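So in UniProt numbering, spot 370 of the sequence shown is number 370, and the numbers just go up one at a time.
Among the clues, some could well be false.
Unchecked claim - Distance ranges between label pairs, derived from CB positions: (1) ALA98 / GLY231: 50 to 60 angstroms; (2) GLU166 / TYR278: 28 to 38 angstroms; (3) THR543 / ASN376: 34 to 44 angstroms; (4) ASP523 / ASP570: 29 to 39 angstroms; (5) THR128 / LYS246: 29 to 39 angstroms.
What the hints assert, rightly or not - With a Cα cut of at most 30 angstroms, we get these calculated BS3-like pairs of lysine-lysine: (6) LYS177 / LYS298; (7) LYS15 / LYS112; (8) LYS167 / LYS298; (9) LYS167 / LYS112; (10) LYS167 / LYS61; (11) LYS177 / LYS61; (12) LYS61 / LYS112; (13) LYS560 / LYS337; (14) LYS298 / LYS246.
Since the hints were made in silico from the structure, they are not lab data. Predicted, not measured: the structure shown is a model, and the values here were computed from it. No residue lacks a Cβ here, since even glycine has one placed at the ideal position from N, Cα and C.
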Amino acid sequence: MTPIQKLTQLRSILKQQNLDGFIIQRGDEFLNEYVAPYAERLSWLTGFTGSAGIAVILENKAAVFSDGRYILQMQQELDETCWENFHISMHRPSQWIAEQNANITRVGYDPKLMSERDLKAFEHSLITMVPIPQNLIDAIWIDQPTPPNKPITPHEERFSGQDHQEKINNLQQELIKNQQNAFILCDPASICWLLNIRGSDVPYTPIPLVFAIIQQDHVFLYAEPSQYTEGLSEFLGDNILLKSHKELENDLAGFSNKAIALDPIQTPVWFIQTLEQYNVTINKRNNPCIALKACKNKTEQDGARQAHIRDGVAMCRFLYWLEKYGIGQSEVEVASKLNAFRQESGDIFYKEESFPAISGVGANGAIIHYHATPENCSILKENQTYLIDSGGQYLDGTTDITRTIWLGNNIAPMSVKEATTRVLQGHIAISAAVFPQGTTGSRLDVLARYALWQQGLDYDHGTGHGVGSYLSVHEGPCRISSIPFPVPLEAGMIISNEPGYYLSGQYGIRLENLLLVTTASFDNFLQFEPLTLVPFDLNLIATEHLSPTEKNWLNQYHQKVHKTISPYLDIEEQQWLQSACAPVT
């Protein structure tokens with residue numbers, strides 16, 4: 001169907017159900033960032049393929065909203081005859097609805113795809129939000145893929161570092177202390193961490209699509225029965241009961257007149273509405289797994305270091321190959337070559353990419369979450385910047401790295417070198433920071449932007465996000481962002497450091513390492529240990545603008561990269577790496 005045909009069919013259903021509009025968010029019933037193909041409803045309806053977005057469909061108008069990462073992408077992917085597009089921080093969907101027509105009173109939504117917070121963002125005195133039992137997109141998406149049901153596998157303790165029964169017992173003791181009968185977990189990554197399991201239902205994130213209810217003496221795990229592999233029950237233990245998704249609502253009814261806790265941000269509002277029907281006392285609080293999962297134990301920290309060595313070897317081999325053979329290759333071919341290097345260097349530990357590689361040459365690099373396809377990709381040519389943002393899922397860790405490279409033998413324009421140097425200065429400022437315990441990422445964010453600000457430059461995305469341990473590459477609760485956020489950084493957290501600068505229509509620059517938060521030499525202070533081990537492109541750095549302290553940091557970092565990665569490379573690759581890590585003066 002064409003975009004207009006899809007909207008016409010959807011509007012016909014709205015009329016039948018006496019609705020003035022419908023809201024569809026990008027996401028699934030587990031509120032995942034990355035979703036299986038069956039849940040790509042926003043993309044199917046609108047053509048917008050970003051990982052965050054909301055569409056609002058009214059009788060005569062329709063609009064898509066997303067954040068600063070996707071503004072250029074929305075403009076490129078949306079049919080402007082059907083869809084308006086807006087920066088969600090500057091134009092809220094609820095505001096847009098209110099601006100359209102005073103007769104808009106009933107707006108439908110899928111309660112399984114929205115959290116309570118998501119729903120509250122649409123509350124308006126003149127609008128009634130109407131939960132729809134069956135998603136209206138599913139009613140018109142004729143060839144919609146079926147939900148996945150791939151095997152659930154144990155995640156060995158040599159990777160997790162802690163027995164799952166110990167984790168469960170800690171949560172159960174908390175339930176008893178708080179006089180709560182159960183806690184509902186709807187975040188598959190939290191369930192995977194808690195039970196030491198993994199899966200492959202979702203691309204790039206090794207999770208099965210599961211729910212769990214943690215009770216004082218046992219756990220209900222909900223999945224499709226075909227996902228329960230032989231030996232899984234024995235691995236999990238007798239206190240973890242394997243159940244079907246079809247049993248979930250009936251089990252919720254069994255908590256009538258009892259107290260059950262849940263995280264309203266991570267739980268679809270359908271659960272709250274269902275529990276209220278059965279007179280369940282709902283206690284709303286943070287998912288207790290989130291903070292525990294974010295602070296990696298010693299085994300997970302050591303695993304992350306090993307994963308990043310393998311990843312560094314793959315990246316360095318790739319960058320050598322890029323310099324020698326990259327010109328004339330397409331963005332898709334180059335990204336595929338990097339994945340092949342990861343498969344070779346990762347050995348049995350490497351499973352898949354941790355997100356779709358962002359491979360953008362020239363102006364495409366300015367599209368923050370650009371996605372190259374065989375149909376639309378560009379060819380790498382000399383005298384351009386090339387931005388590659390990619391990562392890997394290894395059994396012992398998750399990686400995420402961005403480098404911006406100058407292609408060809410000519411000297412890069414000074415304007416590009418100066419912008420890159422400003423970005424590098426921000427990157428160094430974060431990496432070298434020593435800060436007191438209790439410091440939030442929003443307090444550190446200015447360090448990444450200061451050098452850019454001095455030239456009137458900035459970037460419209462966060463500076464850092466948490467990263468899981470063979471889990472999601474975007475993991476809460478820690479972040480480095482200009483938006484205030486109350487969660488402080490703690491020892492054991494892994495977080496990205498990725499300032500950037502983007503000149504629309506010309507080039508994009510982003511420099512990203514993953515950092516491990518560690519204790520500093522001062523009492524009650526913290527610092528960062530760089531996990532990523534890949535050189536920065538010296539061809540894009542105006543070293544005369546670096547301070548002695550910044551030069552010293554860069555030289556020490558490159559010295560560590562060379563010492564750690566060189567033994568795994570062949571002679572030609574070693575020679576390239578030695579040159580790439582040459583000291584700056």
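message: Please verify whether LYS177 and LYS61 have alpha carbons no more than 30 angstroms apart.
response: 52 angstroms, violated
query: Are the Cα atoms of LYS167 and LYS112 separated by 30 angstroms or less?
result: 28 angstroms, holds
task: Could you check the hint for me, namely that ALA98 and GLY231 are 50 to 60 angstroms apart, CB to CB?
output: Holds - the Cβ-Cβ distance for ALA98 and GLY231, about 55 angstroms, lies within 50 to 60 angstroms.
message: Checking one constraint from the list: CA of LYS177 to CA of LYS298, max 30 angstroms. Satisfied?
response: 28 angstroms, holds
- prompt: Are the Cα positions of LYS167 and LYS298 separated by 30 angstroms at most?
  reply: Given that 30 angstroms is the threshold and the Cα spacing comes to 16 angstroms, the pair holds.
- request: For the pair supplied as a hint, LYS61 and LYS112, confirm whether the alpha-carbon distance does not exceed 30 angstroms.
  value: 25 angstroms, holds
query: Do the Cβ positions of ASP523 and ASP570 conform to the proposed distance bound of 29 to 39 angstroms?
result: 46 angstroms, violated
message: Would the hint linking LYS15 and LYS112 be met if the CA-CA limit is 30 angstroms?
response: 22 angstroms, holds
query: Lying within 29 to 39 angstroms: is that true of the beta-carbon distance THR128 to LYS246?
result: 31 angstroms, holds
query: Taking the beta carbons of GLU166 and TYR278, is their distance inside 28 to 38 angstroms?
result: Taking Cβ atoms as reference, GLU166 and TYR278 lie about 32 angstroms apart, which means the hint holds.
query: Taking the beta carbons of THR543 and ASN376, is their distance inside 34 to 44 angstroms?
result: Between THR543 and ASN376, where Cβ atoms are some 36 angstroms apart, the hint holds.
- prompt: Can the restraint linking LYS167 and LYS61 be considered satisfied, given a maximum Cα separation of 30 angstroms?
  reply: Cα-Cα ~50 angstroms, so violated.
Violated hints, listed in ascending order, are 4, 10, 11 and 14; each of the other numbered hints is respected by the structure.
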